[in-house]
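With the sequences and hints as input, model every part of the structure.
Number of protein chains: 2
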Amino acid sequence: MSFDLILIVPLMSLIALTTAGLSLYQLVKADAGTGKVREIAEAIHEGAKAYLSRQYKTIWAIVIIVAIALAFVPGFEGWKASLAYIAGAASSSAAGFIGMYAALKANSRTLQSVISSGINKSLQLAFKSGLITGMCVVGFGLLGVFLFYAVYGDPHLVLPFSFGASSVALFARVGGGIYTKTADVGADLVGKVEAKIPEDDPRNPAVIADNIGDNVGDVAGMGADLFESYVASMLAAMIIGYLLWEKFPELGLGFIILPLVIRGFAILASALAAFSVRLGARLREPSYVLTFATILSCVLTALFVYFISQIVLGPSLGLRITGVVVVGLIVGIVVGLTSDYFTNRIWRPAQSIAHASQSGPAITVLTGFSVGMLSTIIPIICVAIAIFTSYHILYIPEYGFLSGIYGITMADVGMLSITGIVVAADAYGPVADNAAGIAEMSNMPEKIRDDLDVLDSVGNTTKAICKGFAISSAALTAIVLFATYAATTKLEFSIFSFLNPYAFAGLFIGCALTVLFMALVIQAVSRNAFRMVEEVRRQFREIPGLLEGTAKPDYAKCVDISTKGALKELIAPGLITLLSPVILGIVPEGKIILGGFLAGSILIGFLFGLFMANAGGAWDNAKKFIEFGHFGGKGSPAHVAAVIGDTIGDPFKDTAGPSLNIMIKLIGIVALHIVPLIMVS
Amino acid sequence: MSFDLILIVPLMSLIALTTAGLSLYQLVKADAGTGKVREIAEAIHEGAKAYLSRQYKTIWAIVIIVAIALAFVPGFEGWKASLAYIAGAASSSAAGFIGMYAALKANSRTLQSVISSGINKSLQLAFKSGLITGMCVVGFGLLGVFLFYAVYGDPHLVLPFSFGASSVALFARVGGGIYTKTADVGADLVGKVEAKIPEDDPRNPAVIADNIGDNVGDVAGMGADLFESYVASMLAAMIIGYLLWEKFPELGLGFIILPLVIRGFAILASALAAFSVRLGARLREPSYVLTFATILSCVLTALFVYFISQIVLGPSLGLRITGVVVVGLIVGIVVGLTSDYFTNRIWRPAQSIAHASQSGPAITVLTGFSVGMLSTIIPIICVAIAIFTSYHILYIPEYGFLSGIYGITMADVGMLSITGIVVAADAYGPVADNAAGIAEMSNMPEKIRDDLDVLDSVGNTTKAICKGFAISSAALTAIVLFATYAATTKLEFSIFSFLNPYAFAGLFIGCALTVLFMALVIQAVSRNAFRMVEEVRRQFREIPGLLEGTAKPDYAKCVDISTKGALKELIAPGLITLLSPVILGIVPEGKIILGGFLAGSILIGFLFGLFMANAGGAWDNAKKFIEFGHFGGKGSPAHVAAVIGDTIGDPFKDTAGPSLNIMIKLIGIVALHIVPLIMVS
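For the protein sequence lines, the chains are A and B, in the order given. Going by our numbering, the first sequence opens with residue 1, and the numbers climb by one from there. Going by our numbering, the second sequence opens with residue 1, and the numbers climb by one from there.
Calculated from the structure, these hints are not laboratory results. Zero decoy hints are in this set.
In this list, chains with the same sequence are indistinguishable; a pair is considered to hold if it fits within one copy or across any two.
Below are the BS3-like pairs computed for lysine-lysine, each with C-alpha atoms no more than 30 Å apart in a straight line:
#1 LYS196 - LYS634
#2 LYS192 - LYS634
#3 LYS49 - LYS121
#4 LYS490 - LYS80
#5 LYS552 - LYS49
#6 LYS552 - LYS105
#7 LYS192 - LYS36
Dropping the structure here:
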């Protein structure tokens with residue numbers, strides 16, 4: 001293989017970051033609107049800044065403590081670990097921060113561009129803001145891993161970079177998830193139910209917190225989640241490649257650098273696919289445009305991999321690599337489409353919930369529960385098939401187990417190579433949603449609001465696909481981390497057996513602690529929402545003229561309560577995630593118990609991650625289906641029942657479900673960091 | 001060891017059956033009441049007979065087909081398998097039939113005895129009817145296994161006896177679960193909600209079906225479930241003992257016959273403990289009386305085991321056996337008490353749901369969801385600890401893996417040795433419930449109804465404990481069957497590893513299919529309830545004078561719809577359970593995939609079994625807590641929300657949850673039956 005090829009990696013990373021920079025410049029230059037529109041957009045921006053500044057302060061306090069602690073973990077060469085950890089946290093934070101900034105600039109500009117240039121330009125503008133997040137995620141991720149690998153020379157030592165990203169993801173995704181539902185429930189319960197004012201009404205003190213929440217969840221949260229998967233999958237493959245090279249030096253460095261090179265070309269594929277995003281003669285529907293771009297990016301990636309992997313590893317191995325990358329891409333797309341099928345209101349499952357709503361809330365909940373359960377089956381079986389096909393495609397008898405595991409890691413690398421475009425399509429969602437919200441709050445004409453509703457409803461499909469993609473890639477990444485754990489601890493097949501009672505007990509403990517994590521996160525939302533409800537009630541009571549519209553509510557106070565509460569509620573589930581692998585790892589037989597623990601956690605986390613995301617999405621869309629005039633429409637008994645289903649689904653799909661993505665990966669990362677401790681005990 | 005000791009086994013079985021017979025004689029002799037009481041009791045009895053006759057017809061049609069098929073399965077000596085299978089099905093059916101008969105005779109007699117002799121006699125009478133079921137379960141179970149082992153000489157060949165019991169359990173528990181909720185939902189939705197007549201009103205055409213339903217679920221269903229666990233756990237231990245003896249003939253037959261002997265003495269312990277059931281100076285509370293009897297039976301069993309196992313296996317091994325039996329008994333009791341804590345309205349969890357009901361149905365459901373999730377953690381960790389402690393207590397290096405596995409099976413044997421008293425305490429529940437229902441329907445004086453309500457509320461605690469016991473013993477039995485599968489297929493540790501992608505994929509597939517089973521069972525209830533609703537509406541519409549009380553409804557038609565529908569809805573989940581192990585077992589690498597499948601199924605089945613039973617129980621008792629006058633009492637908004645929670649919980653706790661007990665054991669039994677097929681493929 002030609003070593004020059006690796007130079008493509010920093011080059012492509014910089015291209016990604018440049019694309020992001022240029023897009024941001026164009027975005028900021030666009031017309032931001034005037035008067036009420038600008039005022040609301042600025043209030044949202046102010047609130048988001050308050051949220052981010054408090055969140056980052058806490059994150060960085062903890063990052064510094066962990067960074068110092070890491071310097072003392074054996075096997076990681078002291079300060080090198082701290083440095084990589086800080087860089088990982090900084091890269092993920094930067095991607096999240098820039099992404100949030102872009103999304104908050106884009107909402108009013110998307111609205112303005114609908115007014116001045118029509119829906120096509122507006123779609124492109126909203127997508128551009130999403131692309132900024134997407135390109136930052138892949139650009140910072142790839143560049144960071146490349147630079148640290150180039151300097152440290154051993155992918156093991158780069159692991160703390162991934163840990164840094166995971167730590168930020170814990171805050172952005174779990175903390176952000178608690179934040180967004182606190183604001184949502186608080187705004188709805190007091191505003192809509194008690195004070196009887198409409199949704200998105202500026203008199204509601206929690207309305208700004210609610211609008212920020214969408215960006216917090218889908219831009220910063222999803223970005224940090226996929227940043228973590230993107231980095232961890234790449235490192236896992238490089239570590240397995242490194243172990244192969246250590247054992248069989250004749251293989252050379254190809255297996256180590258291939259993941260980097262593939263990711264470099266995949267950035268090119270995503271960037272090219274992004275150009276296709278425009279409504280044309282053939283593609284009239286905005287949702288088709290975004291799905292087309294995603295699929296185009298898959299096809300281009302597969303093509304690039306076909307050529308590059310043959311250059312790096314020779315024709316036979318190259319073809320096999322292409323095979324597993326295609327397996328990964330297919331699983332990603334299939335799981336995404338499954339999520340769409342089970343949640344989109346144009347398909348039967350969500351409609352069956354809407355239909356059941358006519359028999360009252362209990363049947364609505366039961367039907368949604370069944371739909372959510374059924375939605376997990378295809379993805380779980382897909383991932384199971386992906387595991388053994390990709391193992392088999394790359395399994396080479398003379399290189400043994402590690403070669404098969406390398407196959408699984410490369411399927412994961414392949415799946416996540418389209419991260420750029422997936423994040424772009426997802427981060428588009430809250431921009432369109434916020435634009436529609438601002439149009440509502442500033443009383444725009446019907447036509448403008450209809451156009452924005454079209455753009456907004458596209459967001460739902462891409463969001464569902466992206467959620468499915470995020471969950472399946474998180475599960476596959478967690479599995480890959482688990483395999484890397486087994487490989488680095490040199491766990492033998494015969495010891496790490498289902499028939500070893502320690503491993504089997506570990507499986508059960510992993511199941512129990514994942515359930516505990518999930519229950520704590522759901523309770524966190526209830527508790528924090530309660531605080532928000534109290535504050536909104538207080539403002540309505542104590543600020544004279546608020547309901548009449550003559551006085552302004554104290555938006556900042558509500559943002560502050562959401563933020564503080566979310567950080568406080570994060571402590572218990574966060575500590576469980578960070579400490580349980582450490583504790584289980586150092587007890588007698590800990591190496592085996594921890595292995596079983598990881599397997600149990602992944603299985604339960606994957607199952608419930610899918611269930612919660614899809615059940616929540618299906619309830620949401622069943623409600624929307626009724627709101628479009630079916631089964632009695634808005635205000636009918638069926639609608640009341642559907643709203644109850646939707647409220648139950650909210651913390652499922654926006655808090656607990658996505659939090660599980662983070663949890664199953666983070667325990668794997670922590671386990672990999674304590675391998676040296678486990679090996680001595 | 002003295003071989004005479006084995007004669008204790010048939011002797012104790014006959015003592016159990018004699019106790020059941022004498023109790024039944026005393027019960028039938030008791031005053032059955034007159035007039036309205038007798039009339040209602042007879043209507044319930046008629047309906048139950050109709051249910052049982054249709055159910056048994058279907059069961060026996062299938063039993064005969066399976067029995068013929070079994071004669072052709074290699075490795076089971078043809079007709080010998082068929083015979084054992086038929087005997088297993090017949091024994092379980094007989095226990096269920098006699099138990100149902102006793103329960104249906106007991107309801108009006110319990111009511112009469114409250115009137116004539118007061119609460120103490122009445123408690124004893126109701127308990128006596130439960131004891132009949134309990135003694136039939138252990139008597140038939142132990143006698144059957146003993147006789148077939150005595151004749152066939154190899155516990156492997158007795159496995160079809162257990163399969164026969166499982167087949168009946170599938171109908172009684174899954175079919176019965178669908179039946180009972182169909183009737184319940186149908187009666188409530190049309191009667192209470194639409195026609196606005198009270199619960200248990202004789203004008204409601206579904207009321208008899210509903211009353212039968214309680215007996216179907218808690219007497220026949222629970223009885224068949226525990227019969228299956230009781231028999232399967234004993235056989236698994238005997239098979240492992242047999243494999244030990246094959247490999248190390250110097251060990252003798254002690255390991256094979258010990259489970260039988262222990263179970264024999266445990267019957268004695270249960271019978272003695274049953275005598276303690278009376279309200280005395282010290283034990284004023286009926287619920288303490290039943291809990292005391294259960295604990296007394298544990299202590300006596302442990303004492304007996306301490307002496308017997310030393311006689312059979314010598315002092316050192318005997319002590320170890322006592323150790324694992326105690327582990328099993330403790331786990332059973334702890335899981336039972338956990339269920340009580342999380343569901344009983346006197347404790348915090350159920351009250352927290354009641355409190356949350358004030359914020360509406362969505363928060364009620366979310367709180368119940370969290371409570372249900374949290375309730376699974378202690379039981380799962382308890383079972384995990386039980387697995388490796390009992391493995392370790394009995395692990396003997398020179399006998400290897402099998403000796404450790406024998407420890408786990410003996411923990412299960414120990415746990416289930418108190419089956420008699422547990423079933424008695426559980427089957428007591430519907431008798432007290434029906435007695436209270438009949439008192440309501442026949443307008444008995446306040447005092448009588450209050451006394452019966454006390455007896456009825458005791459039923460709730462014992463029911464919760466028994467449910468927890470049933471789930472944990474089902475899980476441990478499924479684990480034991482899984483270990484027996486590994487032992488008989490001679491699966492090697494190194495092949496059946498977490499690192500084998502086939503085993504890992506099997507784990508995922510097991511998870512997916514268990515979820516599918518669960519979703520199908522929940523949907524079955526919705527669909528069948530819909531049929532029932534239609535029929536009840538039709539009768540109200542078409543039978544003149546029904547609502548005015550001048551005409552009688554067609555109870556039999558409703559019973560028939562529940563029964564037919566339940567059997568029809570059973571087909572899909574039943575086939576999944578029976579066929580998936582066969583299909584997975586015969587594909588390439590099937591031995592490994594099936595092993596992983598069993599592990600995944602057990603984990604998910606155990607988790608959801610606990611979750612559904614406890615969440616359902618907690619919602620139910622939260623509603624009752626409100627009905628006792630808290631948070632606004634009956635009819636308040638909190639009550640409306642709590643009723644929604646309870647309706648969601650109904651198919652969880654009475655259908656899907658208990659069905660999972662059956663499923664995880666049945667796939668293990670089926671897997672053991674196809675071992676010869678797997679070994680040749």
